[in-house]
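Read top to bottom, the protein sequences are chains W and P.
Here our numbering is used: the first residue of the first sequence is 2, the next is one more, and so on.
Here our numbering is used: the first residue of the second sequence is 177, the next is one more, and so on.
Bear in mind the hints are in silico, worked out from the structure with no lab data behind them.
From the three backbone atoms N, C-alpha and C, an ideal C-beta is built for every residue, glycine too.
One or more of the hints may lead you astray.
[Unchecked claim] With the C-beta cut set under 8 Å, the calculated list includes, among others, these residues of chain P facing chain W:
hint, residue
1, Leu220
2, Ile269
3, Glu281
4, Gln282
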Amino acid sequence: AQSVTQLDSQVPVFEEAPVELRCNYSSSVSVYLFWYVQYPNQGLQLLLKYLSGSTLVKGINGFEAEFKKSETSFHRTKPSAHMSDAAEYFCAVTFPNAGNMLTFGGGTRLMVKP
Amino acid sequence: GAVVSQHPSRVICKSGTSVKIECRSLDFQATTMFWYRQFPKQSLMLMATSNEGSKATYEQGVEKDKFLINHASLTLSTLTVTSAHPEDSSFYICSATTPSGFAYEQYFGPGTRLTVT
Chain W
2 AQSVTQLDSQ
12 VPVFEEAPVE
22 LRCNYSSSVS
32 VYLFWYVQYP
42 NQGLQLLLKY
52 LSGSTLVKGI
62 NGFEAEFKKS
72 ETSFHRTKPS
82 AHMSDAAEYF
92 CAVTFPNAGN
102 MLTFGGGTRL
112 MVKP
Chain P
177 GAVVSQHPSR
187 VICKSGTSVK
197 IECRSLDFQA
207 TTMFWYRQFP
217 KQSLMLMATS
227 NEGSKATYEQ
237 GVEKDKFLIN
247 HASLTLSTLT
257 VTSAHPEDSS
267 FYICSATTPS
277 GFAYEQYFGP
287 GTRLTVT
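All chains should be built: construct the whole structure from the sequences, respecting the hints.
Dropping the structure here:
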């Protein structure tokens with residue numbers, strides 16, 4: 002069975018400081034990885050996904066994530082945080098023949114301070 | 177493209193009544209829809225998976241008689257919370273996938289906040 006661990010429930014950063022949101026997964030088979038963002042009282046929006054190919058995936062708003070199979074990680078980084086980045090972020094995993102079923106991590110709340 | 181809507185966005189009901197939540201794919205055909213439940217400051221918990229024209233598959237611990245799911249068409253799935261109780265108060269989110277969309281991608285609705293008094 003797969004599992005996803007987001008190591009930090011909250012990440013406080015100052016505006017314009019670099020940001021890293023950590024995600025580790027556990028799986029005995031190949032996985033596909035996703036990052037979603039959720040704003041208060043809203044659904045989830047897809048930000049990044051890794052299916053195959055280049056292990057460095059670039060998303061919108063300057064965020065990128067790197068798939069490291071040896072470390073079973075898919076950490077998400079951004080060189081400079083903006084106030085508008087404050088939100089809840091979820092890492093998720095699925096795998097071939099899973100019927101697109103996602104397993105979510107516990108979420109990380111990014112708090113950006115001026 | 178790939179927009180999913182939910183209705184209502186918020187609903188307050190009295191204990192013992194039933195509430196129906198609709199999930200619609202607006203611009204694509206959703207062969208599979210998922211229903212999630214989210215408690216405050218927590219992650220999404222998958223409740224069930226529904227495929228158009230067949231019975232939903234419920235996750236362990238989810239009462240199928242309490243949370244009735246119907247996926248009657250390729251654009252509509254409904255979740256009915258029967259005999260609601262205050263502990264059913266939560267944020268319910270649906271998502272949909274399509275064979276013609278990006279592989280392994282789910283498109284999420286905006287969620288429905290249910291409050292049972």
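Hints and how they fare:
Because the smallest distance between the Cβ of Leu220 of chain P and any Cβ of chain W comes to about 5 Å, under 8 Å, the interface hint for this residue holds. Against a cut-off of 8 Å between C-beta atoms, the interface hint on Ile269 of chain P holds, since the closest Cβ of chain W lies about 5 Å away. Of the supplied interface hints, the one on Glu281 of chain P holds, with its beta-carbon coming within about 7 Å of a beta-carbon of chain W, less than 8 Å. Because the beta carbon of Gln282 of chain P sits about 6 Å from the nearest beta carbon in chain W, less than 8 Å, this interface hint is met.
Of the hints listed earlier, there is not a single one the structure fails to meet.
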